[in-house]
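K.L.:
So you can see what is in the structure, the chains are spelled out below.
There are 4 protein chains.
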Amino acid sequence: MRYRLGCELDYEVEADDTPFVFNIEAQRRPGQEIETERLVLSPELPLERFDMPESGNRYFRLCAGRGKLTLRYEASVTLRPAAIDPAEVREVPAGRLPLEALTHLYPSRYVEADLLRQFAEKEFGGLPRGHERVTAICNWLHDHLDYVPGSSDEQTSARDTLLQRQGICRDFAHLGIAFCRALGIPARFVSAYAWRLSPPDFHAVLEAWLEGPEGGSWFLFDPTRKSAADGLVRIGVGRDAAEVAFCSPFGPTGYGKPKVWIEAPDRPAEGPLTTRAVSLVSR
Amino acid sequence: MRYRLGCELDYEVEADDTPFVFNIEAQRRPGQEIETERLVLSPELPLERFDMPESGNRYFRLCAGRGKLTLRYEASVTLRPAAIDPAEVREVPAGRLPLEALTHLYPSRYVEADLLRQFAEKEFGGLPRGHERVTAICNWLHDHLDYVPGSSDEQTSARDTLLQRQGICRDFAHLGIAFCRALGIPARFVSAYAWRLSPPDFHAVLEAWLEGPEGGSWFLFDPTRKSAADGLVRIGVGRDAAEVAFCSPFGPTGYGKPKVWIEAPDRPAEGPLTTRAVSLVSR
Amino acid sequence: MRYRLGCELDYEVEADDTPFVFNIEAQRRPGQEIETERLVLSPELPLERFDMPESGNRYFRLCAGRGKLTLRYEASVTLRPAAIDPAEVREVPAGRLPLEALTHLYPSRYVEADLLRQFAEKEFGGLPRGHERVTAICNWLHDHLDYVPGSSDEQTSARDTLLQRQGICRDFAHLGIAFCRALGIPARFVSAYAWRLSPPDFHAVLEAWLEGPEGGSWFLFDPTRKSAADGLVRIGVGRDAAEVAFCSPFGPTGYGKPKVWIEAPDRPAEGPLTTRAVSLVSR
Amino acid sequence: MRYRLGCELDYEVEADDTPFVFNIEAQRRPGQEIETERLVLSPELPLERFDMPESGNRYFRLCAGRGKLTLRYEASVTLRPAAIDPAEVREVPAGRLPLEALTHLYPSRYVEADLLRQFAEKEFGGLPRGHERVTAICNWLHDHLDYVPGSSDEQTSARDTLLQRQGICRDFAHLGIAFCRALGIPARFVSAYAWRLSPPDFHAVLEAWLEGPEGGSWFLFDPTRKSAADGLVRIGVGRDAAEVAFCSPFGPTGYGKPKVWIEAPDRPAEGPLTTRAVSLVSR
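Protein chains in written order, with the working numbering: chain A, 1 to 283; chain B, 284 to 566; chain C, 567 to 849; chain D, 850 to 1132.
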């Protein structure tokens, strides 16, 4: 399925030579192919690029002068998600996890998996393992948390969200990742262009490492149920939100609300959203 | 019903003139009458007494010299709990709460009721109000927390317990009090001699301010289900554990495990414990 | 010295029969005498009063109907602070503290004295004891914290303030109280009408229990250095801010910024403010 | 300089097929060359190896049966630290940092750099920048924290350490890293064999990304002052301790205290330790 997506970002830079690092471009990975893309800066500025090998995140840096800075990114991306029967998707025991996935069992700044081990064990320890268990975690999040814009901030962590019982997509993802890691399931944070998300914005979901009939993969889940897991174009993956900020300015900067869009010309944007997490293979 | 109870405490005082404050004596209050009591210190030392008017707690202070210090307290106490049909026990709206009970709506060191408001509201906000709702809270604690000696320490608060899903009597009480306060029910911490608690020790439970047919009272609840609410002889009441330590030494001191006992000569110590919280009026 | 003070509070009550508890009236205590006072409500409503014996706080409750609610409080108060040479004001060892002051050694919701014991001991443990040490704590707060309106919220505690290194009067007071308690000095939170505070508002300071030539008293300190300790008219005292809110509504309510004023007709409001904490005896 | 080092680890595995991941082998990197090394397992078991590209950490995994498990690692390693005049070592502004180092500006589980920004800014913001400023941070840690074995646990983070003012090498490193990141200096956690550490054990120090006359490098600092920065053989580097555990068992396991050793046959182990952090280039 083909998607046309993009974003437009506006800044008011308040000091000379202010560096910015951005992570807004769609990843290139199997199952997610970029057909065309275009990045326009105003004023025009030289870019320095860095694709992080372990994540595939595409960062670029620029140094802006005082005044207005505008970025416009547009891309046409084809997603070919592998649709696998969830019943055939298993958890992978620690002895067989790829060693590079072990990193995603560790606790991180916004995902205190070590503190939530008892909680996760008591709520989800006895459930059948596999795709089904991660889905159960996402259902729990949907049922126990309220989605409330403005109810959290940049310092809110999984622990806070569990107590406050509310948050935004970022918080749902963090708590879901925490529960997965606490149960021994590698999980990571994903920023994405999310088809049918309303209102349109950058979205945050999670990926868990599971194993289908053809091997291990990162499977996508959206515990907010605000997007279709098969309509997510990934931008950045990381341990948690700390690693995939779409913009990191290194100096005083004003900004407007980002404009974000994604359309699927060949797919009807009507009917009920998938309300359960579905699997997307993306090796 | 008559109870014979007491404790024996041993200390190894490591500095001259070390002050100690104790709160080990049974309260005198309607429904809890002390028939006889005896306090023996070795070595003999002068005591300074203070009964706190707002709580009825009986504190005493002594200054011990270097070396061994032993206290033995014995009492015979009669409890006359008012047994009220729980269905007739209601919550009291803020407009009619006695103003001196309002204090017990505030958050305190180990009871961060303000942080748990959403959690309490989502879990218990929709339940029928009254004795029944506090019982539902206690049942939730019993079902969601493990009682694990050694799993918490002196700094563990209600918030921590909710995340760690385990604790001891102190922690069960703190979290129960937090949920009550978050819902607008005044609640406080109670230390007690607890009949049939096994192994015998100082126990911690909670009281909630509710209203029976004859008026408002503090009703007792034991969310650990380890004691009978009608077999509790109260020692100290306070906002939380910070206020009712049985011993506060002001200097380096070694100590042995306290010996604590309580017997009911006229009541059979067999059969199932009351497994649901029961009410005890004690105006 | 005579002060004329008061406040005017405006609310938009959004539900019928909404209870409010207020604590805005000046305390009556030795050294702080109320000559005249007047409380005007619009609409006129019956009040229920409660003076808390252990604190002297004067609470009143009313039940407001939907719509506008306005309170205006005015008083004329004479302060007769005891001016004692700080060098003669000592700390009181635990063995001689009045037992009712011991409560103010305990940690409370916003004053985690137990967590800051090492910090306090390392910063202030070696300093000369007495009024001088509490002054050193206040100076430390003044030098290490920034006073930044809007930098904290209702859940900010002493621990948070120590890390964030900024706050408002409430936060300065909480951290100062935490350090005092951690060092064995009973300390409590005080809300006040503060002469020369700019802009005028309810103010928060702290009191420490110390001992002058004529005995023990609560001594006032303002670590923000925004008011004169001898120009503070106390409203509420308590373990921390949780206990002395000037208004606690029990229902959805809009409100405007309170108008607060205090004048000293016979005292010049010019010249440098006392920049060091000074002592005020108020047994 | 040549070092002979190693460790011996003993486990009592309590379940069949228990996976273990180890990170005990010295890194191979410029300036740290492994001449010989040997790993002996008892019982003999097949190993699966993974060298993490971005860190150089050498992990291996094995699956142990129930019963005793012993590992012995021995290596002979040559260190060729670049000794650079600290005065020539500068901080690198964000606009020129290598993009792969940006990861080490993010907060992580035990390094809440985002929460300590104000603290770091107030303590170190005004100091001269460069190697000197990181040294000032290390000196601050040495002066303000007590090194107290047993004073922290696996959940202790930089924030906790700052409040508790005590910890072990792990805690000193975490807080130092937090201050660096808060100031815009990339910093990471390093586990090491540390020459002259007493008693011998795995040690934890920190690396900061700075720039000498020949370019940017990770410079080593030991804020505990318990080892010589030029006598550290690196094992694992990572965002914080979560990423460089020397042993991660995935099942119930008993263990003894690890035996760890390091000797420098050609270097006198006497005389004063370097008491200031020194620089070691290791591109």
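Think of the hints as simulated: they come from the structure by calculation, not from any bench. None of the values given here were measured: they were computed from a predicted structure. All residues carry an ideal CB built from backbone N, CA and C; glycine is no exception. Check each hint, because a few of them may be wrong.
Listed below are several chain D residues computed to face chain C (Cβ distance under 8 Å; list not exhaustive) [as the list claims (entries may be wrong)]:
1. 878
2. 881
3. 883
4. 887
5. 917
6. 968
7. 1005
8. 1015
9. 1017
Listed next, the in silico DSS-like pairs over lysine-lysine satisfying Cα-Cα at most 25 Å (straight line) [stated by the list, open to error]:
10. D/1106 to D/1075
11. A/226 to B/405
12. A/259 to A/68
13. C/792 to C/634
14. D/1108 to D/1075
15. A/257 to A/226
16. A/259 to A/226
17. D/1075 to C/688
18. C/688 to D/971
19. A/68 to A/257
20. C/634 to C/688
21. C/792 to C/823
22. B/351 to B/509
23. B/509 to A/122
24. C/792 to D/971
25. B/509 to B/542
26. B/405 to A/122
27. D/1075 to D/917
K.L.:
So, for every hint listed, does it hold in this structure?
P.N.:
The hints, checked one at a time:
1. Because the smallest distance between the Cβ of residue 878 of chain D and any Cβ of chain C comes to about 35 Å, over 8 Å, the interface hint for this residue is violated.
2. Interface hint at residue 881 of chain D: violated, since its Cβ lies 36 Å from the closest Cβ of chain C, which is beyond the 8 Å cut-off.
3. The beta carbon of residue 883 of chain D comes no nearer than 41 Å to any beta carbon in chain C, farther than 8 Å, and the hint placing it at the interface is violated.
4. Residue-level restraint check for residue 887 of chain D is violated (minimum Cβ-Cβ distance to chain C is 44 Å; threshold 8 Å).
5. Look at residue 917 of chain D: its Cβ only gets to about 40 Å from chain C, farther than 8 Å, so that hint breaks.
6. Below 8 Å, beta-carbon pairs count as interface contacts, and residue 968 of chain D has one with chain C at about 5 Å; its hint therefore holds.
7. At its closest, the beta carbon of residue 1005 of chain D sits 12 Å from a beta carbon of chain C; the interface hint therefore is violated under the 8 Å criterion.
8. A hinted interface residue such as residue 1015 of chain D counts as satisfied when its beta carbon comes closer than 8 Å to some beta carbon of chain C; here the least separation is about 6 Å, so the hint holds.
9. Hint on residue 1017 of chain D is violated. Least Cβ distance to chain C is approximately 14 Å, over the 8 Å limit.
10. Between residue 1106 of chain D and residue 1075 of chain D, the direct Cα distance comes to roughly 20 Å. Compliance with the 25 Å bound is thereby established for this hinted pair.
11. The suggested pairing of residue 226 of chain A with residue 405 of chain B holds, with an alpha-carbon distance near 21 Å, which does not exceed 25 Å.
12. Among the hinted pairs, residue 259 of chain A with residue 68 of chain A is consistent with the structure: their alpha-carbon atoms are about 16 Å apart, no more than 25 Å.
13. A hinted pair counts as satisfied when its Cα atoms are at most 25 Å apart, and residue 792 of chain C with residue 634 of chain C does not qualify at roughly 33 Å.
14. With a CA separation close to 18 Å, the supplied pair residue 1108 of chain D and residue 1075 of chain D stays within the 25 Å bound.
15. For the proposed pair residue 257 of chain A and residue 226 of chain A, the alpha carbon gap of about 20 Å is at most 25 Å, so the pair holds.
16. Restraint check for residue 259 of chain A and residue 226 of chain A: satisfied, since their Cα atoms lie roughly 18 Å apart, inside the 25 Å limit.
17. Note on residue 1075 of chain D and residue 688 of chain C: the hinted pairing holds, with a Cα-Cα distance of about 21 Å set against a maximum of 25 Å.
18. Proposed proximity of residue 688 of chain C and residue 971 of chain D is supported: the alpha carbons are some 19 Å apart, at most 25 Å.
19. For the proposed pair residue 68 of chain A and residue 257 of chain A, the alpha carbon gap of about 14 Å is at most 25 Å, so the pair holds.
20. At most 25 Å may separate the alpha-carbon atoms for a hinted pair to count; residue 634 of chain C and residue 688 of chain C exceed this at roughly 52 Å.
21. Simply put, residue 792 of chain C and residue 823 of chain C have alpha-carbon atoms about 20 Å apart, close enough for the 25 Å limit, and the pair holds.
22. Only pairs whose Cα atoms come within 25 Å are accepted, and residue 351 of chain B paired with residue 509 of chain B is rejected, the gap being roughly 33 Å.
23. Of the pairs offered as hints, the one joining residue 509 of chain B and residue 122 of chain A holds, with about 21 Å between alpha carbons and a cut-off of 25 Å not exceeded.
24. For the hint linking residue 792 of chain C to residue 971 of chain D, the alpha-carbon distance of about 21 Å falls within 25 Å, and the restraint holds.
25. As the CA atoms of residue 509 of chain B and residue 542 of chain B are separated by approximately 18 Å, the hinted pair is consistent with the 25 Å bound.
26. Distance restraint check for residue 405 of chain B and residue 122 of chain A: the Cα-Cα separation of roughly 19 Å lies within the 25 Å cut-off, and the hinted pair is therefore satisfied.
27. At roughly 33 Å between alpha-carbon atoms, residue 1075 of chain D and residue 917 of chain D are farther apart than 25 Å, so this suggested pair is violated.
Checked against the numbered hints listed earlier, the structure breaks hints 1, 2, 3, 4, 5, 7, 9, 13, 20, 22, 27; every other hint is satisfied.
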